[in-house]
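*Asks:* Please model the entire structure based on the sequences and the hints provided.
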Amino acid sequence: MPETAPLHRALGMTDEEFEDVCDILGRPPSNAELAMYSVMWSEHCSYKSSRAHLGRFPTEAPWVVVGPGENAGVVDLGDGWLAALRIESHNHPSFVEPYQGAATGVGGILRDVFTMGARPIALWDQIRFGSLDEPRNRYLFSGVVAGIAGYGNAVGVPTVGGEVVFEECYSGNPLVNVMCLGILRRDQLVLGTAGRPGSVAVLLGASTGRDGIGGASVLASASFDEESGAKRPSVQVGDPFEEKKLIEACLELYQHGLVVGVQDLGAAGLSCATSEPAARAGMGMDVDLDRVHVREAAMTAPELLMSESQERMMAFVDPAKVDAVLAVAAKWEVDASVVGEVKAGGTLTVRHDGKVVAEIPAASLSENAPVYHRPSGEPFWLEDLWTNTLEYLQSPDVGAALLQMLDDPSIGDPSWAYEQYDHMLFLNTVVGPGHDGSLLRIKGTSKGLAVSTDGNGRHCYLDPRRGGARLVFEAALNVAMTGARPLAVVDNLNFGNPEKSEVMWQLIETIEGISEACESLDIPVIGGNVSLYNETDGQDIYPTPVVGLLGMADPIPESPPRLDRATAGMEVWMLGPRHSRNLAGSAFEKVVKGHVGGRPDAPDATMARAVMELATTLAADDLAPAMHDISDGGFAVALAEICIASGIGATVAFTSWIGLFAENPHRFVAAVRPEDADRVAALADDAGVSVSRLGTFGGEALVLDNQGPEATSISVADLADTWRNAIRRRMHVS
Amino acid sequence: MTEPTKVTVVVRRRPSIADPQGATVTRALRDLGYTVDGVRIDKIITLTVDGAGDVTQQVTEMCERLLANPVMEDYEIRIGS
Amino acid sequence: MTTAVVVFPGSNCEHDVVYALESVGGSAELVWHRETDLSAFDSVVLPGGFAHGDYLRTGAIARFSPVMDEVARLAADGHPVLGICNGFQILCEAGLLPGVLLQNRDLTFICRPVHLRVESTASILTRSATVGEVLEIPLNSYEGNYTADDETLAASADQIMLRYCASDGTVADAHNPNGSSDHIAAIANRAGNVAGIMPHPERAIEDLLGSSDGRILLESFVASVGAVHA
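From first to last, the protein sequence lines are chains A, H and R.
In this text, residue positions in the first sequence follow our numbering: the first is 1, and each later residue adds one.
In this text, residue positions in the second sequence follow our numbering: the first is 1, and each later residue adds one.
In this text, residue positions in the third sequence follow our numbering: the first is 1, and each later residue adds one.
Treat each hint with caution, since some may be false.
Claimed, not checked - Here are the simulated EDC-like cross-link-like pairs (lysine to aspartate or glutamate), alpha carbons at most 20 Å apart as the crow flies:
no., chain 1, residue 1, chain 2, residue 2
1, A, LYS331, H, ASP31
2, A, LYS331, R, GLU35
3, A, LYS443, R, GLU206
4, A, LYS331, R, ASP37
5, A, LYS590, A, ASP79
6, A, LYS443, R, GLU29
Stated by the list, open to error - Reference excerpt, derived from the structure (chain H facing chain A, CB under 7 Å, subset only):
no., residue
7, THR8
8, VAL10
9, VAL11
10, ALA18
11, PRO70
12, MET72
Please keep in mind that the hints were generated in silico from the structure rather than gathered at the bench.
Quick reminder that beta carbons are idealized off the backbone N, C-alpha and C, glycines included.
*Replies:* Encoded structure:
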């Protein structure tokens with residue numbers, strides 16, 4: 001019986017995984033080696049439950065420069081410009097400590113992007129909580145928002161959009177996802193490679209402490225030392241000031257061509273930042289832990305290898321350039337230490353206190369990680385869910401339903417959150433938070449980058465494949481409404497416990513749906529993240545993929561559509577399929593009826609493309625000054641939001657109340673000037689997209705006329721008051 | 001009638017939790033020529049509680065529930081200071 | 001001559017300020033905070049951001065940066081010195097402007113456009129503007145709550161350059177976003193050559209980004225550079 005045998009289970013490794021390690025090494029692992037395998041083979045680092053299915057995503061296109069597998073995906077924007085994009089989750093840390101959990105999530109995603117040589121230019125946060133009626137959820141929500149603001153604002157990268165969603169299933173398990181976009185010149189692209197033998201590994205940034213190894217505190221009590229478990233913090237503290245200096249120092253290193261490769265230190269810390277770049281280069285490495293600059297005394301080798309201390313980067317440097325690298329670090333007041341040297345042969349050797357504590361094949365930590373084909377199966381309750389539909393014998397009070405939805409915190413004004421985020425820094429934000437898609441200009445070029453991030457747990461719960469596909473189509477339409485064309489997708493797959501067959505089925509179906517939609521629009525998936533075990537007391541969250549879609553407008557529209565650009569006399573148009581009678585998964589059924597059931601319609605890939613291309617043309621040529629997709633709350637909410645933003649009423653006729661509230665991913669509302677009407681109609685006709693001219697903007701009320709005896713009329717002031725206070729009043733802020 | 005009791009609570013991050021503020025202030029003090037180490041920035045909370053009942057128990061509960069985050073902070077209660 | 005835009009570790013608006021000054025006809029260059037000779041410059045901007053992480057107290061560490069002696073010299077010699085947001089906080093902490101900036105009244109970071117009424121044109125920030133004019137400029141701060149004691153406020157009443165207001169110019173508590181004393185958004189020293197402003201004029205220089213009302217303030221600054229030089 002090997003001495004370390006009891007430890008592996010405490011570290012979260014199965015007996016089979018432990019046997020694999022013994023087979024790879026031909027002997028039982030040392031404590032340091034076991035520490036490295038346990039973190040690198042964790043679900044978080046190895047994607048062992050999902051990896052078998054992630055290969056389904058379409059990842060290729062002529063403009064993809066770097067696909068999945070590196071720290072961030074990279075696409076070509078033309079004229080020597082590249083964009084780097086990455087999405088991540090920080091769900092569990094944010095539940096334990098919302099401020100620091102969200103803050104370190106921001107820090108981590110930034111490092112993923114500037115590792116590639118890019119300057120991070122914008123962040124998007126997709127955050128989901130349980131009901132705001134619960135004090136605990138208000139605490140989590142305000143803490144997460146403050147953490148995003150505290151870190152993002154101080155590090156100096158604007159947060160220009162995202163999502164704020166409240167749904168009961170996230171009550172014990174909030175979702176905190178964050179996405180970052182960076183731009184770079186082609187010649188500054190850096191990969192996570194260790195380079196040639198003789199390259200020197202320089203550790204830059206914050207000193208290393210015992211952060212983030214509390215989860216493995218068993219290590220301490222088991223045998224590593226006698227310090228008590230309570231002193232081993234699992235909470236990592238973010239330091240945006242350190243990160244800001246690190247960004248500037250790294251960008252200066254890239255600018256002067258001083259590095260051959262870079263790897264950030266996130267989960268798995270030094271274990272990952274040494275083994276992965278070495279494996280990518282087909283190399284090995286000698287690492288001396290005694291040279292790591294530390295914050296705490298008497299750290300053990302496993303602790304140093306597992307520490308998740310924030311704001312650290314590993315640079316691989318030609319030996320002749322080490323002094324220049326250290327000088328740049330010193331200028332930016334960033335600590336740096338030379339900790340290793342790249343060796344031919346593929347062996348990673350780690351020394352501590354002058355002794356060899358680990359000697360393993362570098363590639364085995366990543367390439368030999370287990371891959372599980374976990375059982376999957378359609379949930380037994382699915383048929384019941386699909387047939388659980390509401391029957392409507394008569395029309396509801398349309399006005400009351402609209403106000404009730406505007407008062408829902410998932411639909412109401414999210415500015416309580418985004419006004420705490422700096423969303424204007426860098427002077428790029430042309431269309432910012434509060435719109436369907438964001439539009440950023442690239443100064444000194446004619447280009448604009450558009451981004452939309454979308455998730456919808458309810459739809460994905462009812463049908464993960466259709467739900468996943470709809471997200472791609474919705475994001476593509478949102479990007480099109482800024483005048484852009486889609487370039488790439490990243491996805492964040494937030495799911496429950498993969499050891500349950502229905503959760504695996506949801507995951508596989510979602511991947512299929514996203515893949516099919518991306519293929520139909522020729523959009524490659526350039527990266528993603530998987531977050532599993534999002535469950536509390538055995539209750540899984542809704543399957544909640546979040547799709548981030550990047551597009552480009554070149555040239556950027558001079559007057560892109562905005563929700564606040566509707567004026568009196570413009571016509572209210574709805575473009576897209578005329579009839580949409582399915583309310584399954586809609587905000588109307590959830591908010592007004594308290595019901596989640598039925599099966600959402602399958603999306604229509606041909607229509608998705610037609611509508612997307614039409615929207616791009618209308619936006620680029622300023623033929624629809626205000627546009628809004630028809631998602632949560634349907635046409636009625638979309639139109640109300642344009643009225644609120646523009647401060648103007650509208651009068652529209654309708655025949656089916658269901659059509660007011662149905663959510664169809666291929667429809668959008670547009671404000672059209674009368675003089676442009678013929679041209680817009682002709683363009684829509686050419687595209688094969690139906691047009692419904694429903695009314696006119698003007699007056700001080702939104703009038704929904706069912707052409708019966710009494711039209712519904714609500715003043716825009718009342719709509720605005722309800723919508724603006726949906727979150728504020730629940731957070732007790734006037 | 002019970003006298004109100006003044007209480008001081010000191011909330012400190014655990015020694016092994018990073019303190020970016022303290023680290024930055026250390027650097028700034030050294031720039032100004034001082035030889036210093038171990039700067040930590042903690043919180044001091046003063047409050048007055050109704051003296052009825054077990055004050056220490058009451059304040060301990062306040063610390064556990066609100067004033068400190070037990071996952072990352074320790075606290076020290078000083079009664080009557 | 002050129003304006004020095006000082007970069008402290010943690011500054012983040014420095015590139016935006018250079019871009020904005022150049023877009024109104026100025027000339028500007030970044031200067032690292034350890035620089036001890038600004039003789040090549042005849043004006044200074046301390047940009048927004050979080051110098052030294054804003055740790056301990058906003059501006060408290062930055063005021064000891066080596067460059068600050070030169071900033072004080074330029075200020076004493078009558079050259080234009082402008083602090084924006086965090087730069088305003090640093091100028092207050094350094095004693096070059098009266099008062100101090102505290103946490104916002106509601107204890108949340110505020111990033112949104114606000115309206116400002118021009119109260120005086122006797123400064124490098126407002127000389128080209130018109131008294132009573134209302135400007136729409138983004139605010140972006142956590143410690144934007146300008147605070148001074150009554151005595152200081154009374155003594156510096158003529159130095160108030162901009163106040164928070166409604167879109168029609170009404171000054172009232174309801175239009176004061178952060179609780180600033182006397183609704184002060186920008187204040188100058190007695191001579192008018194040192195000014196601090198909490199909102200960001202460099203973020204309001206193009207209609208494409210929402211407003212160009214900040215140009216008049218930056219044009220004032222650039223015109224002042226020329227004036228002192230002449």
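*Asks:* Look at each hint and say if it fits the structure.
*Replies:* Now for the hints, and whether the structure bears them out:
1. Taking the CA atoms of A/LYS331 and H/ASP31, the gap is about 14 Å. The hint holds against a cut of 20 Å.
2. Under the criterion of a C-alpha separation no larger than 20 Å, the hint pairing A/LYS331 with R/GLU35 is consistent with the structure, at around 12 Å.
3. Distance hint between A/LYS443 and R/GLU206 is fulfilled; the C-alpha atoms sit about 13 Å from each other, no more than 20 Å.
4. The hinted pair formed by A/LYS331 and R/ASP37 meets the criterion: a straight-line CA distance of about 17 Å does not exceed 20 Å.
5. Straight-line distance between C-alpha atoms of A/LYS590 and A/ASP79 comes to about 47 Å, which puts the hinted pair past the 20 Å bound.
6. For a cut-off of 20 Å, the pair hint linking A/LYS443 to R/GLU29 stands: about 18 Å separates their Cα positions.
7. Given the 7 Å rule on beta carbons, the hint for H/THR8 is violated: about 24 Å separates it from the nearest Cβ of chain A.
8. Hint on H/VAL10 is violated. Least Cβ distance to chain A is approximately 18 Å, over the 7 Å limit.
9. Among the interface hints, the one on H/VAL11 is violated; its C-beta lies about 14 Å from the nearest C-beta in chain A, farther than the 7 Å criterion.
10. Because the beta carbon of H/ALA18 sits about 4 Å from the nearest beta carbon in chain A, less than 7 Å, this interface hint is met.
11. The interface hint given for H/PRO70 is violated, since its Cβ lies 9 Å from the closest Cβ of chain A, which is over the 7 Å cut-off.
12. Taking 7 Å as the C-beta contact cut-off toward chain A, the hint placing H/MET72 at the interface holds, the least distance being around 4 Å.
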